[in-house]
Every structure is written in structure tokens, then in C-alpha cells.
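My request is simple: use the sequences and hints to build the entire structure.
Read top to bottom, the protein sequences are chains A and B.
Residue 277 in the working numbering sits at position 277 of the first sequence; the count goes up by one each step and never skips.
Residue 256 in the working numbering sits at position 256 of the second sequence; the count goes up by one each step and never skips.
Quick caveat, the hints were computed from the structure, so don't treat them as lab data.
Being a predicted model, the structure only gives us computed values, none of them experimental.
Just so you know, even glycine gets a beta-carbon here, dropped at the ideal spot from N, CA and C.
Take these hints with a grain of salt, some might be off.
Covered stretches of chain A, going by a simulated chain B footprint (3 or more residues, C-beta under 8 Å) [claimed, not checked]:
hint	region
1	54-63
2	131-145
3	283-294
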Amino acid sequence: MNKSLAAVPEVIRISEPVIVEATARRRAQHRREQVIESGLFLAALMSVAATAAILAVLLWESLGFFKAVSLTDFLTDTLWTPLFDDARYGILPLLAGTVVTSLIGLLVAIPVGTVSAIYLSEFASSRLRELIKPALELLGAVPTVVYGYFALLVVTPTLQKLWPDLPGFNMLSPGIVIGIMILPLVISLSEDAMRAVPMVLREGSYATGATRLQTAWRVVVPAATSGLVAAYVLGVSRAVGETMVVAIAAGQNPNLTWNPMEPAATITAYIVQVALGDLPHGSIGYQSIFAAGLVLAVTTFAFNMFGHAMRKRFREVY
Amino acid sequence: MLRRRKFTEVLFKAVGLCSLALAIGTLALLFGALIVEGASRIDWQFLTSFPSRRATQAGILPALVGSSLIMLVTAVVGIPLGVAAAIYLEEYARRTWLTELIEVTVMNLAGVPSIIFGLLALGLFVYMLGLGASILTAGLTLALLILPVVIVTTREAIRAIPVQIREAAFALGATKWQTVSHHVLPYSSAGILTGIILALSRAIGETAPIVTIGALTFIAFLPPAPFTTEPPFMSFEWLMSPFTVMPIQMFAWVSRPGEDFAGNAAAAGLVLVCMTLAMNGLAIYVRYLMRKRVSW
Chain A
1 MNKSLAAVPE VIRISEPVIV EATARRRAQH RREQVIESGL FLAALMSVAA
51 TAAILAVLLW ESLGFFKAVS LTDFLTDTLW TPLFDDARYG ILPLLAGTVV
101 TSLIGLLVAI PVGTVSAIYL SEFASSRLRE LIKPALELLG AVPTVVYGYF
151 ALLVVTPTLQ KLWPDLPGFN MLSPGIVIGI MILPLVISLS EDAMRAVPMV
201 LREGSYATGA TRLQTAWRVV VPAATSGLVA AYVLGVSRAV GETMVVAIAA
251 GQNPNLTWNP MEPAATITAY IVQVALGDLP HGSIGYQSIF AAGLVLAVTT
301 FAFNMFGHAM RKRFREVY
Chain B
1 MLRRRKFTEV LFKAVGLCSL ALAIGTLALL FGALIVEGAS RIDWQFLTSF
51 PSRRATQAGI LPALVGSSLI MLVTAVVGIP LGVAAAIYLE EYARRTWLTE
101 LIEVTVMNLA GVPSIIFGLL ALGLFVYMLG LGASILTAGL TLALLILPVV
151 IVTTREAIRA IPVQIREAAF ALGATKWQTV SHHVLPYSSA GILTGIILAL
201 SRAIGETAPI VTIGALTFIA FLPPAPFTTE PPFMSFEWLM SPFTVMPIQM
251 FAWVSRPGED FAGNAAAAGL VLVCMTLAMN GLAIYVRYLM RKRVSW
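What follows is the structure in C-alpha cells.
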């Protein structure tokens, strides 16, 4: 094929062996292409396999757990003491811990995140934005165990100066730190949502004499609502699944309380606590972390699905 | 009236700047706290010693070695899988229910809390496949964890290549794979690289899944060396070795009472944060270079 033109005779006669060779090469190439495509396809299937494996493992081990513990006990008992002699398996204390820390996180992340996002999207110069966004990215990249250290040894002592009777382990401090941790996510998703609002809406508002702030609050924010909700929901999902901060700074005692000044354990902290101990494989204590994990997976899955549906909605509108 | 509006506007700007300052200030405070508490602990002895009951003699050598080896396994498994999956989804996949399913699971995996990956690894790798709490298990777990990150960023990078490039290649008689391997991949390599660095920086700081598979926190030995003096000069025994990693070492020190261990924790945290921030900084820089260089 690569022979120079001078070598080609005036009357081109393609001999049979050449055709055979060409088709053979064609076929080999085709087969190679097919092999590559199936290889790539198998790689893509890995994510389906991983999801299926997660579901299978969680369900399988939880099944063993629910053979020993009734679902009603699991959902209504107010004590979670699987490692005691008198073992009780009520998920409520762990759920309460998760809810309280996540709520505190949201109380920090939603106002601060929304205001920051409005500022970044509507007021900040592009130069400031170019500077802030990478910094936020770095904030989001700090390992969670470092945030745990920060909560236990920096935030809690500071809070104790304000409330001297705050215990060393409490839910307030990790809650605040979780809020700061999910800020980068909330800010970047909210800003995306507001930037997606078409310029015409803003211009129309300015034309009626509204100031920038009025435009931001009364036009841009309402127009970006579904995107903002998506940002909050995905933030919640991250907060609920957060592990190391609560495991380090909230104490690891399951405690049914709504008081953020008290120590408590979350679902994730409990899993860590058990994993650190030496529970025999197949025991009910071992299976209990899978039941707790199942609750966690279902919760975050629901939040994620809802969040992504909301995001899709604002993308479709504009 | 107008004056009042102007005033509220200025006020809001101040509030906006303050909220941003809170976010950025926390980063500075965090870094500051680690430096104040930990910088004085970092010296050659700290980097090359094993953990010890005495805080002043303890070091992070096994954690550094463990983190590096696990990153190696994670990269070798996770990156090819992720990039291949992204290529399939962007360049090959037809709109079928299976493609749809793959996309939903990728999105879903990205939102799964990392500790759930730990439970998966505990049930599947540690017990069902009998790999134990080894470097291989940890590497595979983190590879699954970074898979969605690699897939999403690679897809974005590939999507940024204009379709005309592909059409030009096809017009010259290139096959699909030739188009992808000669054009699409090289042109999007900077974007893919950014994604890979970010994914690995996330993996190196992950603690929860590694704790869940039952990693030891007190390790006074190194995994067997990958090179031997006898043929075949290579050994994969280290894959099955117990290990500890940087974040676990830090976690162990944080949970121990006592000033001295808090100092060690801060020092380990400082090393860890420097590693992740360096990786992120590199990724941001690569992206910056790419934006400057490429214009379609």
C-alpha cells in the first residue's frame, strides 16, 4: 500500500494474492477493533458490578442480622448496645446522632454557602472569582481525618471558652466542622445554578430600576431555586455519610438525644468503632455494621437521586 | 430611598465577603493550627521511625511506605479502568438501557459515602475472597472509590475535543480505535491527567474505608521489598502484607490522650495536608496551562 507511485504500472492489475491479503488484514483489523470495544465495555460495566456488589454485600449480611433482630426492634428500640452482654439493637440513637450533626452542618453551610455563592456569581469581579475558586477546591481536598483533628483539638476548646461546661466530646463541634467541610460543594453547585440563569432576566430587572442586590435576591435566586435545592440536598448527603469528623470529635457512645452539647455516635462513627475492635466474622456485632451501613446507603441514595433530579430540572429549564 | 438601597447593597457585599472569608479563613486556620502544633515535630527522625509508645520517638515510616504502595495499586487498577470506561461511554456507547444503567451507577457511586466502600471491601475482599486486611485489599477498595471521579473527569476532557477532529480522522480512513488512540486521547491527556491527580489526592486522604477493612494502627515493620536478589528479582508478597497509611496513623494519634501524641497527630496531619494540597495545586496548575495553550 505504501509503494511509491512510480512503481504502479500504467494498467493496474490487482493480483488475487493482494486482494486476499488486503481482506485478511481488513478482517484482522476489524477483529482487533471488536476486541478493544469489548474490553472498554467491560471496564464500563465495572461501575454496575461495583454497585451490585455493594447492594449484595449489604443485603446479605443484613439478612443475617435481621434473622436475629426483628425489624420493629431495629426501628423502634431506643438503645443501641450491640457490644454489651444485654445487647439491644435500636437504630434510633445512631440516627439521632446523624441527624443532629448533619443539621448543625446545614445550619452553617446553607446560609454561608448561599451568601457566598450569590456574592461570587453576582458581585465578585472575575479576578476575585479566579482566586477564590481554587482556594475553595483546596478546602474541599483536605482529608477528613484532618478536619476531625481540627474539630477535636481546635474548635471544641474554642467553644469550651464560650460554654465552660461543654464536654470534650460533643455534637456541636463536629457539626460545625462538617458544615465548613461541605461548604465548597454547596458553594460551587449553588454558583453553577445561579450562573445558569440567563442574562436577560437580570437585564430585565435592571431595566425596571432594581439594584444588583434586589435582582440577585428577587430574580436570580428564585430562578435558580431547583439548582440551589439540589446543592443543599447533595450537601446533606455528604454530611450524612461523613465519618472521621464525628468518629473523632463526637465521642462514640450511642446516645438518644437531640441536644448538640452532648456526646453521641452517628451511624458512620459506630461502623468505625466496631471496625477498630476485633469482632469475629459472622457474629451479630459484625453483621450489625452492615445493617447500619444499609440504612446509611439507602438514605444517601435517596438524597442523591433527589438532588440529581433537581439539578437536571434546572438544566432543562434554561 | 436610593441611599438606603445603596447602603444595603454595600452591607450585603460585606456579608458576602465575610462568608467567603470564613471558608478561606478556616483553611488558613487549619493550616496554622497544624503548623503551630506539628511543625516542630517534623524532622528526619519523625519521617524514618516506626510508631512507638513514646511520642517523641515515634515516626511515620510505615505509614508513608503503606500510603505509597497502596496508591500504586490504586493507580494501576483504578486509572485504566476509569479511563477505559470513560472512553466507552463517550466514544462507543449507543443509547441503550445498558448505557443508561452504567451512567446512573457511575453517578450513584460518586455519591456513595466512602465508608460504604469499606463495608463492601470488608465483606467481599477481606472475607469472601480471603485477601485479608492487606495492601491489595486497600488498593482495590480505593480503586473502586476513585473510579467514578476518574470516569467523570475523563469524560469531560474527552467531550471537550471537537467532533471535527474525529470526523477528519474518519475521513482519512482511520478506524474508531485509531481515532481515539491517535487523536482524542493525546489531545485530552492534560484534562485526564488533572482528573487522575485529583482522584489520587482524594484516595490518599481517605480514612474511613481503610479503617473499616481493619487496618492495623500499630505497625513496627515494613512490607517485604518488591525486589529480591534471587531470580526472578521481583516479589509480590508485599501485596498481601498488613499495612498502615498516613490518615490512619494520624487517626490513631488523635484518639490517644496526651499532649505529645496530639503533637504527633498534627505533624502527621501537616505531612498529609501538604501531600494532598501539593497534588491539588499540581492539578490546578495543569488545568491552567491547558486552558492557556489549547483553543479550538
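Checked hints:
1. 54-63: holds (count 5)
2. 131-145: This one holds; 12 residues, not fewer than the three required, reach chain B with a Cβ under 8 Å.
3. 283-294: holds (count 3)
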